[in-house]
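Peer 1: Here the protein sequences line up with chains A and B, keeping their order. Here the first sequence stands for residues 1 to 166, where the numbers follow our numbering. Here the second sequence stands for residues 1 to 174, where the numbers follow our numbering.
None of these hints come from the bench; they were simulated from the model. For glycine and all other residues, C-beta sits at the position ideal for the given N, C-alpha and C. Please note: incorrect hints may appear among the correct ones.
[As the list claims (entries may be wrong)] As a list, the in silico DSSO-like pairs of lysine-lysine whose alpha-carbon atoms are at most 27 Å apart:
(1) B:LYS50 x B:LYS19
(2) B:LYS164 x A:LYS90
(3) B:LYS19 x B:LYS107
(4) B:LYS107 x B:LYS50
(5) B:LYS58 x A:LYS87
(6) B:LYS2 x A:LYS146
(7) B:LYS2 x B:LYS35
(8) B:LYS50 x B:LYS170
(9) B:LYS107 x A:LYS114
(10) B:LYS58 x B:LYS170
(11) A:LYS114 x B:LYS19
(12) B:LYS101 x B:LYS2
(13) B:LYS58 x B:LYS164
(14) B:LYS170 x B:LYS101
(15) B:LYS35 x B:LYS170
[Claimed, not checked] Simulated restraints, written as ranges between beta carbons of each label pair:
(16) B:ARG75 x A:LEU133: 56 to 62 Å
(17) A:CYS62 x B:SER87: 22 to 28 Å
(18) A:ASN64 x B:LYS170: 36 to 42 Å
[Said to hold, decoys possible] Rough simulated footprint, nothing fancy, chain B against chain A, three-plus residues with beta-carbon under 8 Å:
(19) 58-64
(20) 119-132
(21) 144-157
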Amino acid sequence: MTSCLMKQCLLILFLALSLPVLANDPANPPAAAAPTAQPLFADVAIEARLTHLSRELRCVVCQNEALSDSPAELAGDMRQEIRELMKAGKTDQEVLSFLTSRYGDFVLFRPPFKPVTYLLWIGPFVFLSFGVLVWFMALRARRTFKSAPVSNEQIAAAARLLEDKP
Amino acid sequence: MKRWLPLVFFFVLVGFFAKGLFLNPREVPSPFIGKAAPVFTLPVVGDAEKAFSTADMKGQIWMLNVWAPWCVSCRVEHQLLMALAESRTAPPIVGLNWKDKNREAEKLLVQTGNPYVAVPDDLSGRVGIDWGVTGTPETYLIDRAGTVRLKHVGPIDLDVWLNKFVPKIKELGA
């Protein structure tokens, strides 16, 4: 009984061990060979620049997604366009101006600092200084606060209360 | 007065947010308005021998309608485009066939009617990128000097046509 079980166990073990060997058997290649992984891109340096730059760019289809992450077809096309511009020796700045001349500043996640965006960039600091000013004035008002005059009668009443003699 | 100030401030903010809530995020202002339309030359759908060039439209007011056979909302505006093409008072419409990978444009135009004076074939979508196309349909109005005057994102309906395009075309003196 136990030997029978033992046999079964061994059989399973052998089968399990032989499986990967069978899969890689060069004499018996699988009917449809799995495609070997192709390098996704030829130029690693350009790809690194593309990845870096496209994180700063908005996908015009998905709008809140970065161009680097977007699965939209147009985003793929735009990445290809950038890739080719870079291969042609364009600098990052030239690539950005290529895109903004077509899609506007909208494609940039970081809006440029110019008259229409002054409020956007400086606004928070203006609001912050305003808040600090209000806070400061409130503090000063509190420091210079003068209590209302208290009569002797009131002091005596308070003392009585404290001594707990009604 | 002073105690009402925070409330006034609050309502100003609410006003801004309410305005923002009703803006269409798809209406991205085109950087081409008032600038020269990008030039291109492309083969024409149905006749690979022929080519369409933006130079062909020089001296007249025209519209570039970016569409695709796979685009559902393009079918919505198709009827209106047909009516415009038949009216002969509307500017000629050039239909940029954008990224038509399945090559269905020719067949579809035969089936449903062709409102376009020319159908340049932008298979790669390159010309689309040059024009700042973010999707289909999009329609541009170009004046006699070749300057882009108007861009509309999404299908054109009667309301858009009458209130957005017609005043602009009148302004250009069609």
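Peer 1: Each hint: holds or not?
Peer 2: A quick look at each hint next to the structure:
1. B:LYS50 x B:LYS19: With a Cα-Cα distance of about 48 Å, the restraint between B:LYS50 and B:LYS19 is violated, given a limit of 27 Å.
2. B:LYS164 x A:LYS90: Violated - the C-alpha atoms of A:LYS90 and B:LYS164 are around 39 Å apart, more than 27 Å.
3. B:LYS19 x B:LYS107: With a Cα-Cα distance of about 44 Å, the restraint between B:LYS19 and B:LYS107 is violated, given a limit of 27 Å.
4. B:LYS107 x B:LYS50: Judged against 27 Å, a Cα distance of about 18 Å means the pair holds.
5. B:LYS58 x A:LYS87: violated, 34 Å
6. B:LYS2 x A:LYS146: holds, 22 Å
7. B:LYS2 x B:LYS35: Violated. B:LYS2 to B:LYS35 sits at ~49 Å, over the 27 Å cutoff.
8. B:LYS50 x B:LYS170: violated, 32 Å
9. B:LYS107 x A:LYS114: violated, 49 Å
10. B:LYS58 x B:LYS170: This hinted pair holds, its Cα atoms lying about 18 Å apart.
11. A:LYS114 x B:LYS19: Status holds; Cα separation ~23 Å.
12. B:LYS101 x B:LYS2: violated, 65 Å
13. B:LYS58 x B:LYS164: Holds, because 23 Å separates the two Cα atoms, which is no more than 27 Å.
14. B:LYS170 x B:LYS101: Roughly 37 Å separates the two Cα atoms, so the pair is violated.
15. B:LYS35 x B:LYS170: Holds: B:LYS35 and B:LYS170 sit about 19 Å apart, inside 27 Å.
16. B:ARG75 x A:LEU133: 56 to 62 Å: Since the Cβ atoms of B:ARG75 and A:LEU133 sit about 59 Å apart, the hinted range of 56 to 62 Å holds.
17. A:CYS62 x B:SER87: 22 to 28 Å: The hinted range 22 to 28 Å is violated for A:CYS62 and B:SER87, with Cβ atoms some 37 Å apart.
18. A:ASN64 x B:LYS170: 36 to 42 Å: holds, 38 Å
19. 58-64: holds (count 3)
20. 119-132: Violated - the stretch 119-132 of chain A has 0 residues with a Cβ nearer than 8 Å to chain B, which falls short of three.
21. 144-157: violated (count 0)
The structure is inconsistent with the numbered hints 1, 2, 3, 5, 7, 8, 9, 12, 14, 17, 20, 21, although it conforms to all the rest.
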